[in-house]
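Chemist: So you can see what is in the structure, the chains are spelled out below.
Number of protein chains: 2
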Amino acid sequence: MDDDILIIDDDEQVHDSAIQSWKVLIVDDESEVHRITKVTLSQFRFDGKSITFLHAYSASEARDILKQETDIALVLLDVVMETDDAGLQVVRYIREQLGNQSVRIVLRTGQPGQAPEDDVVESYDINDYKDKTELTSQKLRTLIRASLRSYRDICSLQRNKRGLEKVIQASKGIFEKTALDTFVEGALEQLTALLELEDTTIYNIKHAYELKNTELEMLHSTASDKTETDDLQQHPILQLAIKDKTNIYQESEVVIYCKNPRHNLIFHIEGTQQLSEVDTHLLNLFTENIVVALENIRLNEVIEDNQKEIMYRLGEVVESRSKESGSHVKRVANYTALLARLNGMDNEQVETLKQASPLHDIGKVGIPDAVLNKPAKLDAGEWTIMQTHAKLGYDMLYDSDIPLLQTGAAIAMYHHEKWDGTGYPNGLRGEDIPIEGRLTALADVFDALGSRRCYKEPWGIDSIMELINSESGKHFDPKLVQILNENLDLFLEIKQKYVD
Amino acid sequence: MDDDILIIDDDEQVHDSAIQSWKVLIVDDESEVHRITKVTLSQFRFDGKSITFLHAYSASEARDILKQETDIALVLLDVVMETDDAGLQVVRYIREQLGNQSVRIVLRTGQPGQAPEDDVVESYDINDYKDKTELTSQKLRTLIRASLRSYRDICSLQRNKRGLEKVIQASKGIFEKTALDTFVEGALEQLTALLELEDTTIYNIKHAYELKNTELEMLHSTASDKTETDDLQQHPILQLAIKDKTNIYQESEVVIYCKNPRHNLIFHIEGTQQLSEVDTHLLNLFTENIVVALENIRLNEVIEDNQKEIMYRLGEVVESRSKESGSHVKRVANYTALLARLNGMDNEQVETLKQASPLHDIGKVGIPDAVLNKPAKLDAGEWTIMQTHAKLGYDMLYDSDIPLLQTGAAIAMYHHEKWDGTGYPNGLRGEDIPIEGRLTALADVFDALGSRRCYKEPWGIDSIMELINSESGKHFDPKLVQILNENLDLFLEIKQKYVD
Ligand SMILES: [Fe+2]
Ligand SMILES: [Fe+2]
Chain A
41 MDDDILIIDD DEQVHDSAIQ SWKVLIVDDE SEVHRITKVT LSQFRFDGKS
91 ITFLHAYSAS EARDILKQET DIALVLLDVV METDDAGLQV VRYIREQLGN
141 QSVRIVLRTG QPGQAPEDDV VESYDINDYK DKTELTSQKL RTLIRASLRS
191 YRDICSLQRN KRGLEKVIQA SKGIFEKTAL DTFVEGALEQ LTALLELEDT
241 TIYNIKHAYE LKNTELEMLH STASDKTETD DLQQHPILQL AIKDKTNIYQ
291 ESEVVIYCKN PRHNLIFHIE GTQQLSEVDT HLLNLFTENI VVALENIRLN
341 EVIEDNQKEI MYRLGEVVES RSKESGSHVK RVANYTALLA RLNGMDNEQV
391 ETLKQASPLH DIGKVGIPDA VLNKPAKLDA GEWTIMQTHA KLGYDMLYDS
441 DIPLLQTGAA IAMYHHEKWD GTGYPNGLRG EDIPIEGRLT ALADVFDALG
491 SRRCYKEPWG IDSIMELINS ESGKHFDPKL VQILNENLDL FLEIKQKYVD
Chain B
41 MDDDILIIDD DEQVHDSAIQ SWKVLIVDDE SEVHRITKVT LSQFRFDGKS
91 ITFLHAYSAS EARDILKQET DIALVLLDVV METDDAGLQV VRYIREQLGN
141 QSVRIVLRTG QPGQAPEDDV VESYDINDYK DKTELTSQKL RTLIRASLRS
191 YRDICSLQRN KRGLEKVIQA SKGIFEKTAL DTFVEGALEQ LTALLELEDT
241 TIYNIKHAYE LKNTELEMLH STASDKTETD DLQQHPILQL AIKDKTNIYQ
291 ESEVVIYCKN PRHNLIFHIE GTQQLSEVDT HLLNLFTENI VVALENIRLN
341 EVIEDNQKEI MYRLGEVVES RSKESGSHVK RVANYTALLA RLNGMDNEQV
391 ETLKQASPLH DIGKVGIPDA VLNKPAKLDA GEWTIMQTHA KLGYDMLYDS
441 DIPLLQTGAA IAMYHHEKWD GTGYPNGLRG EDIPIEGRLT ALADVFDALG
491 SRRCYKEPWG IDSIMELINS ESGKHFDPKL VQILNENLDL FLEIKQKYVD
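Listed in order, the protein sequences are those of chains A and B. What the first sequence shows, in the numbering used here, is residues 41 to 540, in sequence order. What the second sequence shows, in the numbering used here, is residues 41 to 540, in sequence order.
Just so you know, the hints here were simulated from the structure itself, not pulled from any lab data. Any given hint might turn out to be false.
When chains are identical, the list treats them as one kind, so a pair holds in a single copy or across two.
As the list claims (entries may be wrong) - Result set (DSS-like, lysine-lysine): computed pairs, CA atoms no more than 27 Å apart in a straight line: (1) K78 / K179; (2) K417 / K496; (3) K217 / K348.
Because the structure is a prediction, the values reported are computed rather than measured.
Sequences and hints are given; from them, build the entire structure.
Modeler: The structure is reproduced here in structure tokens:
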């Protein structure tokens with residue numbers, strides 16, 4: 041027997057060698073048939089691969105093997121075994137029970153009378169019908185070759201179909217994302233699914249980068265070691281993708297390149313198998329969809345940016361009457377958002393607060409110049425008028441249906457309440473003051489103390505913190521004051537970034 | 041010869057009958073082989089369909105037929121004809137030149153010596169190899185049946201694959217849309233492509249409806265007759281889809297149902313063929329994508345709505361200082377948009393103008409109370425101050441990157457210029473005044489005259505038009521005044537809709 045042929049009846053080994061050979065199952069109750077078939081095909085190769093034989097000596101054994109081994113290419117199937125139609129029952133089992141449409145089935149019968157050819161071929165989903173007597177070694181080789189060719193073509197079509205279904209699934213997955221970060225994570229996930237890496241996640245590493253100018257910024261990574269990822273950015277395959285603005289498919293890694301006027305994303309997946317032409321076609325299809333989805337995200341971002349800017353302008357227009365500095369609303373917005381985030385609020389809440397915060401003094405539009413811009417201390421009557429700006433702002437916004445303006449209304453109303461109940465307009469106390477008000481109160485005062493006003497010079501940070509700490513539990517929510525103390529450097533970064 | 045069998049050598053007829061039969065091409069230089077094959081298979085049926093034979097008596101004839109007829113299921117192919125390997129050349133032609141991988145090819149040779157079986161089966165992509173002598177009528181029937189079965193399975197996989205590719209293409213097409221109207225048109229187009237109706241567009245009618253409360257509103261239709269479409273809305277299949285909230289696939293029509301919290305879309309396509317299970321699976325897949333795309337559109341609309349409302353609020357906050365009525369900015373926005381549309385501007389320009397128009401008096405924030413709200417006529421100095429609101433507004437907005445605020449800046453700057461050059465701040469004349477200014481000027485005055493102000497009662501429409509017409513070519517762009525005159529009813533509808 042030739043060394044090329046693997047005659048393996050041991051399950052373990054079969055599994056290992058399966059990748060490099062065609063599985064052919066011989067089902068026959070005569071062991072001589074098994075032997076002759078193997079000998080005849082000892083030199084046989086198709087598409088550069090040899091045959092691995094599996095052996096069943098009864099219909100029941102055949103069923104067990106077929107259930108286990110889902111990648112059998114061909115079954116050479118005797119008809120009469122335990123019963124006169126045992127083989128025919130196996131055909132039904134394969135096509136109907138197992139739903140296996142791809143395996144090729146050839147009936148080989150020694151007693152044609154038991155299974156009239158026309159009836160059998162018509163009623164059973166088989167691919168050929170042979171008298172054992174007519175199967176010369178020449179005819180057997182032709183039969184095997186034609187069957188394996190057919191199996192290969194059907195498998196390739198099926199793989200392709202499954203791949204396309206995955207692309208559809210994957211695309212749906214990414215089109216459901218509307219923010220860049222979840223989109224990037226989703227795209228990596230779907231790429232992994234497309235590359236069928238689910239089972240080997242231990243061995244592969246996925247990264248997503250955004251190219252900013254010439255720098256690669258890591259957006260997401262499954263690598264455990266951070267220093268390791270720093271080196272990877274210099275990886276030649278990434279540089280190649282960037283240079284050629286295209287996907288790169290190499291032996292064990294894949295780079296997907298997607299660009300639009302705002303984003304330049306690069307996905308890098310290592311530890312893949314060698315990709316077929318079909319695989320790369322599917323990845324190209326999916327890449328086109330990533331690009332469309334990324335464009336949708338860009339459009340969303342543009343609209344969001346517009347909204348943010350409009351809100352700032354709205355705040356600034358109002359502030360312009362009190363001759364306050366242009367960057368006051370931006371700083372207060374950023375302080376408020378930072379406090380909210382450190383206080384454990386979720387991204388959406390933080391973003392809404394940040395965008396709504398410029399509206400805190402919108403009610404000042406209704407305060408007369410004489411009060412608003414009086415260079416001296418306000419008298420009691422003027423002070424009463426001034427205080428109405430909180431409720432006035434609320435009245436301008438509360439009837440809106442949109443959450444952003446409702447939050448704006450709350451901020452306007454409550455940003456002058458104090459923790460100890462001595463604030464206005466309602467004299468609320470402690471946690472009765474909505475969080476929007478407590479956050480903005482601290483952010484607003486922190487900024488006002490540090491800024492130049494017509495009546496005062498900007499304070500130094502030590503004096504500011506001394507006052508704020510002394511007002512903890514009086515003017516301000518003590519928990520928020522603590523957050524400010526513990527993260528002062530982050531707040532000072534904002535102050536630095538938005539100088540007047 | 042049996043009546044069931046169609047022996048047709050005429051091209052026209054072949055085409056008509058093709059749908060109901062399997063095409064088998066016999067290629068042989070002996071006419072006796074043709075005759076015997078036909079006689080043997082005279083009663084043959086597979087999957088309820090008979091065989092239509094095509095006949096070629098040389099390799100060259102075979103090539104011509106194969107090029108014409110792309111849906112041949114099986115070729116029974118002689119080897120030795122014009123040349124010793126004429127048949128083998130036909131195999132290459134089919135697989136390589138025509139790229140036809142689905143047709144089954146069986147070599148039938150009378151001179152096996154000319155084409156050694158192992159070599160031929162290995163080197164040529166054929167599906168079986170027979171000596172003419174071994175082909176008994178029984179064996180021929182088995183061969184044909186197995187071949188047709190294989191052809192049917194491969195075609196079904198290929199159709200499925202093409203269908204999935206179309207779903208991917210179609211989905212990309214709809215995800216590229218960001219507005220409801222283009223989305224609806226695109227979805228209908230892609231549905232048509234999926235249903236392969238391109239060739240029969242004359243016979244089918246497509247409609248898209250939006251369900252509002254219980255009323256179907258037609259969004260798009262390819263029907264030529266408008267009254268015809270009115271009846272269709274009562275069509276039971278539409279009512280069924282609405283009731284069951286699901287797609288309906290019937291013999292010759294398809295209803296696709298898609299719903300999200302804002303939109304309830306129904307696509308109705310008539311004149312389809314009976315759909316297979318595969319087709320309905322693909323349509324279901326595509327429907328899922330339509331739903332995702334529709335959700336993206338809804339999110340866009342929400343953001344757009346927010347932006348519109350924020351812009352109105354911004355305008356209203358400013359107006360609140362001059363104690364003007366709340367609906368003034370909405371009316372001016374709508375008048376401006378209507379004038380722009382009637383003046384031939386595109387949708388995007390109209391929308392931008394509409395949203396930016398509330399900012400026309402934003403500069404008034406910088407005008408002191410004493411001037412802005414003076415109950416008497418302004419003196420010369422006060423008037424000069426008042427006029428600065430145009431430039432002040434421009435200064436607040438011009439440095440923004442976003443088109444909406446840039447348009448706002450232009451509107452603020454130019455809405456008090458006059459056609460004859462007597463306006464402010466720059467005394468521009470005629471078409472030197474940017475269109476944003478000319479449009480808003482007319483809309484603003486048209487509204488102001490019709491509204492109650494602290495110093496005047498609202499005018500009647502006749503007096504308003506008398507004044508505006510007398511100012512045509514003086515204060516106002518005469519072309520815009522003409523548009524206003526010709527479409528006065530549309531403007532009065534807006535006045536009615538946004539009463540104070
Ligand atoms: Fe305030
Ligand atoms: Fe004005």
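Chemist: When the structure is checked against the list of hints, which entries are broken? Sort them ascending.
Modeler: Violated hints: none; all satisfied.
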